[in-house]
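Peer 1: Each chain, written out:
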Amino acid sequence: EAGVAQSPRYKIIEKRQSVAFWCNPISGHATLYWYQQILGQGPKLLIQFQNNGVVDDSQLPKDRFSAERLKGVDSTLKIQPAKLEDSAVYLCASSLTLSDTQYFGPGTRLTVL
Amino acid sequence: AQSVTQLDSQVPVFEEAPVELRCNYSSSVSVYLFWYVQYPNQGLQLLLKYLSGSTLVKGINGFEAEFNKSQTSFHLRKPSVHISDTAEYFCAVIPAGGTSYGKLTFGQGTILTVHP
Chain A
73 EAGVAQSPRY KIIEKRQSVA FWCNPISGHA TLYWYQQILG QGPKLLIQFQ
123 NNGVVDDSQL PKDRFSAERL KGVDSTLKIQ PAKLEDSAVY LCASSLTLSD
173 TQYFGPGTRL TVL
Chain B
342 AQSVTQLDSQ VPVFEEAPVE LRCNYSSSVS VYLFWYVQYP NQGLQLLLKY
392 LSGSTLVKGI NGFEAEFNKS QTSFHLRKPS VHISDTAEYF CAVIPAGGTS
442 YGKLTFGQGT ILTVHP
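Top line first, the protein sequences correspond to chains A and B.
Counting in my numbering, the first sequence tops out at residue 185, every number present.
Counting in my numbering, the second sequence tops out at residue 457, every number present.
There are no misleading hints in this set.
Listed below are several chain B residues computed to face chain A (Cβ distance under 10 Å; list not exhaustive):
no., residue
1, Gln347
2, Ser350
3, Tyr373
4, Tyr377
5, Gln383
6, Leu387
7, Cys432
8, Pro436
9, Ala437
10, Gly438
11, Gly443
12, Leu445
13, Phe447
14, Gly450
These are calculated hints, taken from the structure and not from any lab test.
For clarity, every value in this text was computed on a predicted model and none was experimentally measured.
We put the beta carbon where it would ideally sit given N, CA and C, even for glycine.
Sequences and hints are given; from them, build the entire structure.
Peer 2: In structure tokens form, the structure reads like this:
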């Protein structure tokens, strides 16, 4: 069974530029999550989808971050404009349903200069 | 709301020695508990999980953890570590119900370094 796929693996941008990350969850997983992991910290949930609807986006900085889940499968996370403090690893995870085990992708390491 | 505290940020240990990584949690509702491992430049891999039943849970790579409800702890143990166990370990909880249903909360992580 294929795991969670993410691209790109690494991205370097300058502040105020925009960037987008892509995630393809495990086939059949209804729930998809985006996490931000700042160096030295545990992952922090940004947004949670159930199929193509948002379940929780309370910690998503909506003035600059946006996310969508196309047709309840793939998802994109966008940052516009980026700030220095957005430098982090962005992890995508998926699960069969809410509260099931979450499986993580390899992450995208973003560096904002 | 839930919170997770990993009591040690770094744990150095010699190869073939036993190790315990400590995790305490706080929650107003019942929770499920997880340990994940993160190798350098990789995503998180599930080590083990506690949903219900026996409080001693066995996972991959020889790790095990014990759920202690009275002490709200879920410590991770391995009787004999290998160099390849060097990684960062995260404890996490997810509420089994309530308004935060489905929301996974992580601890700060413990870096395990195994020396030859």
